[in-house]
Structures are given as structure tokens and as C-alpha cells.
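2 protein chains.
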Amino acid sequence: MSSAFSVDPVLQEVDSRFEESVSRLCELLRIPSVSTDPAYAKDVRRAADWLVGELSALGFTASVRETGTQPAVVAHHPGPGGDDVPHVLYYGHFDVQPAEPLELWNSPPFEPAIVEAEHGRRIVARGAVDDKGQVMTFLEAFRAWHAVHGTLPIRVTVLLEGEEETGSPSLLSFLKANADELKADVCVITDTNSWNIDTPAITTRLRGLLYAEVTLHGPSHDLHSGLFGGAVLNPINALTRILGQLHDDQGRVQIPGFYDDVAEATAEEKAMWETLGFDEAAFLAGVGLKTPTGEAGRSAPERLWVRPTCDINGIWGGYTGAGAKTVIAAKASAKLSCRLVPAQDPQKVLAGLKAFLDAHTPPDARWEIQTFGASPGIQVPTDSPYLRAALDGLGEVYTNKPVLIGMGGSIPVGGYIREALGFDSIFVGFGLEDDRIHSPNEKFELKCLHNGIRSHAAILARFAALKG
Amino acid sequence: MSSAFSVDPVLQEVDSRFEESVSRLCELLRIPSVSTDPAYAKDVRRAADWLVGELSALGFTASVRETGTQPAVVAHHPGPGGDDVPHVLYYGHFDVQPAEPLELWNSPPFEPAIVEAEHGRRIVARGAVDDKGQVMTFLEAFRAWHAVHGTLPIRVTVLLEGEEETGSPSLLSFLKANADELKADVCVITDTNSWNIDTPAITTRLRGLLYAEVTLHGPSHDLHSGLFGGAVLNPINALTRILGQLHDDQGRVQIPGFYDDVAEATAEEKAMWETLGFDEAAFLAGVGLKTPTGEAGRSAPERLWVRPTCDINGIWGGYTGAGAKTVIAAKASAKLSCRLVPAQDPQKVLAGLKAFLDAHTPPDARWEIQTFGASPGIQVPTDSPYLRAALDGLGEVYTNKPVLIGMGGSIPVGGYIREALGFDSIFVGFGLEDDRIHSPNEKFELKCLHNGIRSHAAILARFAALKG
Numbered sequence: 000m001s002s003a004f005s006v007d008p009v010l011q012e013v014d015s016r017f018e019e020s021v022s023r024l025c026e027l028l029r030i031p032s033v034s035t036d037p038a039y040a041k042d043v044r045r046a047a048d049w050l051v052g053e054l055s056a057l058g059f060t061a062s063v064r065e066t067g068t069q070p071a072v073v074a075h076h077p078g079p080g081g082d083d084v085p086h087v088l089y090y091g092h093f094d095v096q097p098a099e100p101l102e103l104w105n106s107p108p109f110e111p112a113i114v115e116a117e118h119g120r121r122i123v124a125r126g127a128v129d130d131k132g133q134v135m136t137f138l139e140a141f142r143a144w145h146a147v148h149g150t151l152p153i154r155v156t157v158l159l160e161g162e163e164e165t166g167s168p169s170l171l172s173f174l175k176a177n178a179d180e181l182k183a184d185v186c187v188i189t190d191t192n193s194w195n196i197d198t199p200a201i202t203t204r205l206r207g208l209l210y211a212e213v214t215l216h217g218p219s220h221d222l223h224s225g226l227f228g229g230a231v232l233n234p235i236n237a238l239t240r241i242l243g244q245l246h247d248d249q250g251r252v253q254i255p256g257f258y259d260d261v262a263e264a265t266a267e268e269k270a271m272w273e274t275l276g277f278d279e280a281a282f283l284a285g286v287g288l289k290t291p292t293g294e295a296g297r298s299a300p301e302r303l304w305v306r307p308t309c310d311i312n313g314i315w316g317g318y319t320g321a322g323a324k325t326v327i328a329a330k331a332s333a334k335l336s337c338r339l340v341p342a343q344d345p346q347k348v349l350a351g352l353k354a355f356l357d358a359h360t361p362p363d364a365r366w367e368i369q370t371f372g373a374s375p376g377i378q379v380p381t382d383s384p385y386l387r388a389a390l391d392g393l394g395e396v397y398t399n400k401p402v403l404i405g406m407g408g409s410i411p412v413g414g415y416i417r418e419a420l421g422f423d424s425i426f427v428g429f430g431l432e433d434d435r436i437h438s439p440n441e442k443f444e445l446k447c448l449h450n451g452i453r454s455h456a457a458i459l460a461r462f463a464a465l466k467g
Numbered sequence: 000m001s002s003a004f005s006v007d008p009v010l011q012e013v014d015s016r017f018e019e020s021v022s023r024l025c026e027l028l029r030i031p032s033v034s035t036d037p038a039y040a041k042d043v044r045r046a047a048d049w050l051v052g053e054l055s056a057l058g059f060t061a062s063v064r065e066t067g068t069q070p071a072v073v074a075h076h077p078g079p080g081g082d083d084v085p086h087v088l089y090y091g092h093f094d095v096q097p098a099e100p101l102e103l104w105n106s107p108p109f110e111p112a113i114v115e116a117e118h119g120r121r122i123v124a125r126g127a128v129d130d131k132g133q134v135m136t137f138l139e140a141f142r143a144w145h146a147v148h149g150t151l152p153i154r155v156t157v158l159l160e161g162e163e164e165t166g167s168p169s170l171l172s173f174l175k176a177n178a179d180e181l182k183a184d185v186c187v188i189t190d191t192n193s194w195n196i197d198t199p200a201i202t203t204r205l206r207g208l209l210y211a212e213v214t215l216h217g218p219s220h221d222l223h224s225g226l227f228g229g230a231v232l233n234p235i236n237a238l239t240r241i242l243g244q245l246h247d248d249q250g251r252v253q254i255p256g257f258y259d260d261v262a263e264a265t266a267e268e269k270a271m272w273e274t275l276g277f278d279e280a281a282f283l284a285g286v287g288l289k290t291p292t293g294e295a296g297r298s299a300p301e302r303l304w305v306r307p308t309c310d311i312n313g314i315w316g317g318y319t320g321a322g323a324k325t326v327i328a329a330k331a332s333a334k335l336s337c338r339l340v341p342a343q344d345p346q347k348v349l350a351g352l353k354a355f356l357d358a359h360t361p362p363d364a365r366w367e368i369q370t371f372g373a374s375p376g377i378q379v380p381t382d383s384p385y386l387r388a389a390l391d392g393l394g395e396v397y398t399n400k401p402v403l404i405g406m407g408g409s410i411p412v413g414g415y416i417r418e419a420l421g422f423d424s425i426f427v428g429f430g431l432e433d434d435r436i437h438s439p440n441e442k443f444e445l446k447c448l449h450n451g452i453r454s455h456a457a458i459l460a461r462f463a464a465l466k467g
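These protein sequences, in sequence, are chains A and B. For the record, in the first sequence the residue sitting at position 437 is 436 according to numbering that gives the first Met the number 0, with numbers rising by one throughout. For the record, in the second sequence the residue sitting at position 452 is 451 according to numbering that gives the first Met the number 0, with numbers rising by one throughout.
Next up, chain A with everything else stripped away, as it sits in the complex (with noise of 0.2 Å):
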């Protein structure tokens, strides 16, 4: 690359301009896109107008786009010229999960409070990580670039989603139908966490995701426990009896052929896990609890990266209200998910959840099931240049040497990306596990902004390198 595009002055751009950064996030954090209410579509569209908006203004040709569900955001910048340029897909979210419950909040979720704390300022607001203060650490990255240099130093697609909190219901579909619009030579996926706020990540195995609601229905309506008590089927007994056997006393997920296509970690991996030095106590303190749990005889890193899970995300039915209600309710439900490893089909595995809840139903009983997503687990290649220039990037910036590790949730937009566009992604982000993302009060440390920009400004040189 020519010495135009030298990278220094971008992050001088970057350091001098961070305060807008921070003002324009806090801009995007204000539009109180709830995707998986439809009280909020409008706030949903709000929020894409807004992105397409900054765009603009960069040098992208940037428009929302129609998906059958919620709006997508995609833009093109043609970066500095020439064939042999690197072309990189950019993918993030800015829809956000409900912020109830909202008498846990310290601060208004929608009205980002900028709050002092351990590592400086934070911002808290949902939505503040995941994912739109990502979002904005390559977004304040390519303006930094525009304002110092007049373009991006390499062509650049953006895929701005705005169903990821339910699911990504649309976006295999979108994908497909607009593949040769959305070819590059890499994603880059800015969604997940460094690995401390001293340190910085790439995250090459993600668990994927099946999520199922169930009800289980018995008698015809509700009725009086005390006329009908001991004599009929109470479907809320049923299903904690049923769900109360998803796991075994060693903590093993019992629904049929759950663990045939898990493959155990490489003795590589396992090993850079064992030099990372997870501290589990420190994990474990900072929710309130002190017990290692969950499926014996594996370290904390292998039952968040490579172990798959079974978690019961809700449950409801009956009388919830104040006080007393004497009742046996006509049916029971509950929201359950697995995190899925790589090689674990999440139909299978939804086949087998559905033979399992079959066989322990009652006499006169019937399932409803409804599913909500169901995604594979990703595991990425690690000797690829771009992931090689992403990490020099990185090392760039912070002191401390970036790292490779794994993460317990799931973004399914990587496994959807390779199938419908045919190339591999690189996910670097800048959270952290502390910062709360779908519970209350979820922040993003300004450092963590700040670091992630610069990152981000680096990388793009780093790219730019790769091919010319």
C-alpha cells in the first residue's frame, strides 16, 4: 500500500475525535430497538435509518433493507480502487433484547448513563455491547480513515442486522438471495469479548443454538385443586417431573443421542486454554456464586466453549398473581435452549429433545412445540492470513499479546455466512464477560470503545497489506 494510507494519523484521528464516538453511540442507544417485541418495530426501523445515515456520510452507498421480518442495513464502499484490493464484509446487529426487568436497572435503559467505575467511564444502557457499541467500534474506525485519508484503504461491505436478538428468523434467506451483492474475501463479525480488558481476542469456536418452547396441555381448563386434587393430571407437576430429568446427577444433558457428533477439544487447544488460566472462583463471584457446577470432570473452559448445554430460559403456568389460587391449570410451558458444539446438527438434536419430552409424557397429555432458531456451532480456521493480519492488528494496539479462545453463546451469522456465501469469519470484539449484555444494567467500558476502534483502524491497514 501506498504511505497515503498510513495508519498513525487514523488513530491520531481516532484518540482526538473519541468524545464524539462516544456522543454518536449514545445517540444509537437512545432508539429503543426491542426486536423481539413488536411494540417496538418502528424504534427497529429507527435505528437502521440511523445507521444508513452515518453510512452516507462516510462514502458508503448505504440503504435499509426489506428481510420479510425485521429491516437489515446494508452498505458498499468502494475503498481506494483497483482489483487486487482485500474486500471485507463487515457484520454486526442493532437490534437489542428486552430490557425487563426494568426495576433492576440503575439507570433508564434506553437513557445511557456515562458512570465512573474500576477501569475509568463506562456506558450503561441496553444495547451498550451487544451489539451496538461494536458497532460503532468499526463504524468510528472507517470515519477516522475518511476523515484523514478521504476513503476506506480496502473495499468494504456492511450487514447490519436487526433480528439477532430473535433468532435471526430472515437471515439465511437474505443472505442467499443476496449473495453475489454480499461476496467478499472475509467477515469480520465484531459481536463477542476480548479476553480481558488487557488483552484482546479472537474467538475461533462459538456453540450454536437450538431454542424451543413447549407446552405441555392436560385437562380440558382449569380447575379446583381441592375437587379435582389427587385424582387428575396437574400439567405444571408433569412438566417439572419431565424437566426436572433433562440432566443427569453429573450433570450430563439426558435427551436421546445428545452427545454422538461431540468432538472432544484438540490437546492443542485444550493446552492454550490451560496457559489462558481461567479463574472460575472469579467467574463464578462475580454472580453471586462460589460452586463449580455443571457437567463433571471438565474445566470451566471446556463447559462454556466445547461442552453442549441444556438451560430452561423461562417457565410458566397457573396462578402467578398475589396471594392464593387454588388451582390446577389446563397446561404448563416453558422456553428451553442448547448450546450446540460444531458437528452436533441442531435438527438432530431438536429430534431428540422432542423424543425425550415424548417419552415422559403423561397418559392424556399432549405436546405443543414451537422452535425459535436453531443454529450449529462454528469453529474457524486459525492459519488464515486474514485472521493472521487481524491479530497483528490487534498486538498493535494493546501491550498484552492477543489471544485465541472459544465462547459459550452462539452467532449464528457465521455458520450462515459460510454456507450462503462460501467464506469464513473472523470474530474480534471488544467485550467483556462482566458487561452484563441481556441483563440489567449492561455497560461497555469506554476503554473497551476506544481500544476497539483503534483496533478496528489498525486492522484495515493490516488488510490493506494483504493483497496489492
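I should point out that these hints are in silico values taken from the structure, not numbers from a laboratory. All figures in this text were calculated on a predicted structure; none of them were measured in a lab. It cannot be assumed that every hint is accurate.
[What the hints assert, rightly or not] 27 Å max Cα-Cα, derived DSS-like pairs, lysine-lysine:
#1 Lys289(A) <-> Lys269(A)
#2 Lys289(A) <-> Lys289(B)
#3 Lys330(A) <-> Lys41(B)
#4 Lys289(A) <-> Lys353(B)
#5 Lys289(B) <-> Lys353(A)
#6 Lys353(A) <-> Lys269(A)
[Stated by the list, open to error] So the derived label-pair ranges between C-beta atoms look like this:
#7 Ile368(A) <-> Asp260(B): 56 to 64 Å
#8 Gly320(A) <-> Arg120(B): 30 to 38 Å
#9 Gly320(B) <-> Tyr258(A): 27 to 35 Å
#10 Gly421(A) <-> Gln249(B): 53 to 61 Å
Note that beta-carbon positions come from the ideal geometry of N, C-alpha and C, so glycine has one too.
We have chain A; now place chain B onto it with these hints.
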């Protein structure tokens, strides 16, 4: 008794004025006296005022009485005079359960609808049978006696409660505080069922109730199921695991000591129940089921009347809205209740329940437990002259012979009256098993209302014959 108190003209009066009785019941049903919801406090009081008006018109000295919670109605009628006149306390309640879920009602719950069905006309409304319709059976019997003879044939005290559906929090203290005023020879409680529409019944066994709300607390806040799943305590999974063990595979409750004080029904009781020909298939079909369930090796009348239970009445935790939220909740809750049989001590059962929960508590978790009502089961003597007189009165009205039965529900007032006032109760009521009490479309057959009024009119005459 003098022939001036002949019962035949009273029964004729009941028959000829029956449509007016129906209208008056409709008037009472239009008052939404839901005691569990503070929003209806004014309506509970309005129902009390309405009853005071009705009783006053029948020669009673009646008043609304404060209990500290919901008001009660107390009324006195001197009867025909003389020291040797029997004195009977009549009990009923004028509060009702919440009508929710409203969308399942075929007509508005507080606009009584007269509907034709297999047994002729029925009245559909919240409280139609529980307990406003039942209260009107004795009120209208008093009215007919008053109209024909200008008095009642015995001395009568009436106690109408306004908080039965909230577990009668202040009833025992109210009875104790007013023991002298409420003293009588026997109490007649009209809040139970006939055996079937053509066979009247006196209920001699009722189950008690222990109602508890339990919450299992785990992590300090809600967590992301991807980032934490597999390595932290999930309180919903734990709650299902624990409550799923409340019964063994023979349907026996696993609370420690639960059956210690449970007596078997006598051979005589079992023989009487055998003759009733309880149709379990029909009982189950009425609620959309077909497979007998509950404690193995017990007949349906045993399981319903003389065996204790443990039902979960409500359960909740985590995300229960539409779609997916990948959360591990910080806590999970359930409401559960045990129907108790005589000699089971509710406090001992509560201690057992706590011991059961404690024994299953996962590391780092803690329970929060609240109770809403704890009342023992009731067994009334079957050889008292008042009970025999009541049986004779029923025999006069119905072709089928009256039977002595048990009931699975709880009517704590019988035990409270024994404790506070020192006399027994006779449970005689006119509901049917399919009346859908506490459910949408609660109803009372007009044939039951009519026979109930006639029965109370006849029983009054039989009581009058006991002394004098």
C-alpha cells in the same frame, strides 16, 4: 311444634315465588365482589350491604361488621320465642374468585346469563354456585317461612363471610372476638355439592389446605445463557428438578413425614362409597381426560376425600414473553398447595415441606418461602340429631335417598367454628361437580337452586321438631 308451623305451605310459597328468587340471585351476582383483588373492595362491601338489606326485610337484625380485612355480615332472628327453641348458625360467603381468564367466558362473568342445558335452565356467572347461589338457598327458605308464618320456626344466626376466597385471614379471630354473639347449637354450612342432581348429600369429610409460595434464588442477576450456560446454577432447571421429585412413581408425596398421621378410611366409609358407584370415567371425561391418575392402589373417592395431595398451582421464572430470550434467570418461583386430611397437622406438613426443599437445595442457592393459609382437614360426627334431621329434610324433598360423602376441597370455617365456638357443623350444599367453580363459565342449575331452597325450608321444620 304447633301445626301453625306446617311446612307444606312454605314449600308451596317457595315454588310459586321461584322466579323472584332467581331474580334476586341475579341482582347479587351483578356485584363483582372479588375479594382477592383490592380493586374490588368497594364491591365486596356493596354485596355485604345488599345482604343486610335482604336479611332486614325478613325480620333479622342485620349489620355489616368490620373484621380488619373484608367486611362480614351478621344477622339474628329470634324465631318463634321460647327457651327450648333450637338455635342454628347459618354460614355462607358472598365474595368470589377472580373471573380471569375473561376471554374464556361465553358471557360476561358479572352479567348473569340464563342458559338452557340438559337439566333445564342454568345460571352462568362468577359466584353462581360458589357461594352466592348457595347462600340464596337458605335466604330464600327464610323468606318463604317469613312470608307464610311471619317468623322462622327456630332461632337463627347468620354469618356471611367476605373473604373466603382469600383464605379467610381474619375469620378465626372474628369468631373468637364474637364468640358469645355467634354461639348456637350447630352450624349449617352451605358451600358443598349434592352427590348428583337427583341425589342430595351431606359432606362429612373435607380436606384441609396448606398453601405456600416458594422462590429459589441462585445467581445474583439474570445471565446470558451462552456466556454462562453449562457452568452456573440455573434456578429454573433446579426448581423443576426439585419439584419434579415431589411424588414418587406411585404418586406418593415425598415430603418427609407426610403420611405419618394420615388415617385410613373406616370399613364403613369405604363400603358406603362403594355403593355410590363413583363413575371415574365420567369424572375424568368431564375435564377432557381418560386415564386414572394419582396415588396407586386407591379408589377415586379415597384419592379425592381421604388422601392428602401436593399440587403445584402456579410456576414462573425467566423470560415468558413472545419469542426467544437466552437468559439464565436469577430465581424461579412456584405456588404449591397440599390438601390435608384430618389429623394431619398443617404446621408439621409445612415443616416437612421446608425440610424437603432444604434437602434438595443446590449449592449457593437459597429458598424464600411464604405461606397463605394452613387449615386442617375436617371429619364431622355422623350420629348427631341435627345431622339426622337434615338428612330427613333432604329426604322429604328428593326422591333419591340422601348420602354421606367426602369432599376434596377445603372449607376451613368448620374447623374454626369447632375451635372458636365449640360446636359442630353440617355441610349441606347443592352444587354439582361440573359447576366449574373457580373456572370460566361457572354455573348453577336452577333445579339445584330450587331444590336447595325447598331443602332448607324442610330442614328448618325438622330442626324445629328437635326440641320443644
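Okay, the hints, checked on the actual structure:
no., hint, result
1, Lys289(A) <-> Lys269(A), "holds, 24 Å"
2, Lys289(A) <-> Lys289(B), "violated, 48 Å"
3, Lys330(A) <-> Lys41(B), "violated, 33 Å"
4, Lys289(A) <-> Lys353(B), "holds, 24 Å"
5, Lys289(B) <-> Lys353(A), "holds, 23 Å"
6, Lys353(A) <-> Lys269(A), "violated, 33 Å"
7, Ile368(A) <-> Asp260(B): 56 to 64 Å, "violated, 43 Å"
8, Gly320(A) <-> Arg120(B): 30 to 38 Å, "holds, 34 Å"
9, Gly320(B) <-> Tyr258(A): 27 to 35 Å, "holds, 32 Å"
10, Gly421(A) <-> Gln249(B): 53 to 61 Å, "holds, 58 Å"
Checked against the numbered hints above, the structure violates hints 2, 3, 6, 7; every other hint is satisfied.
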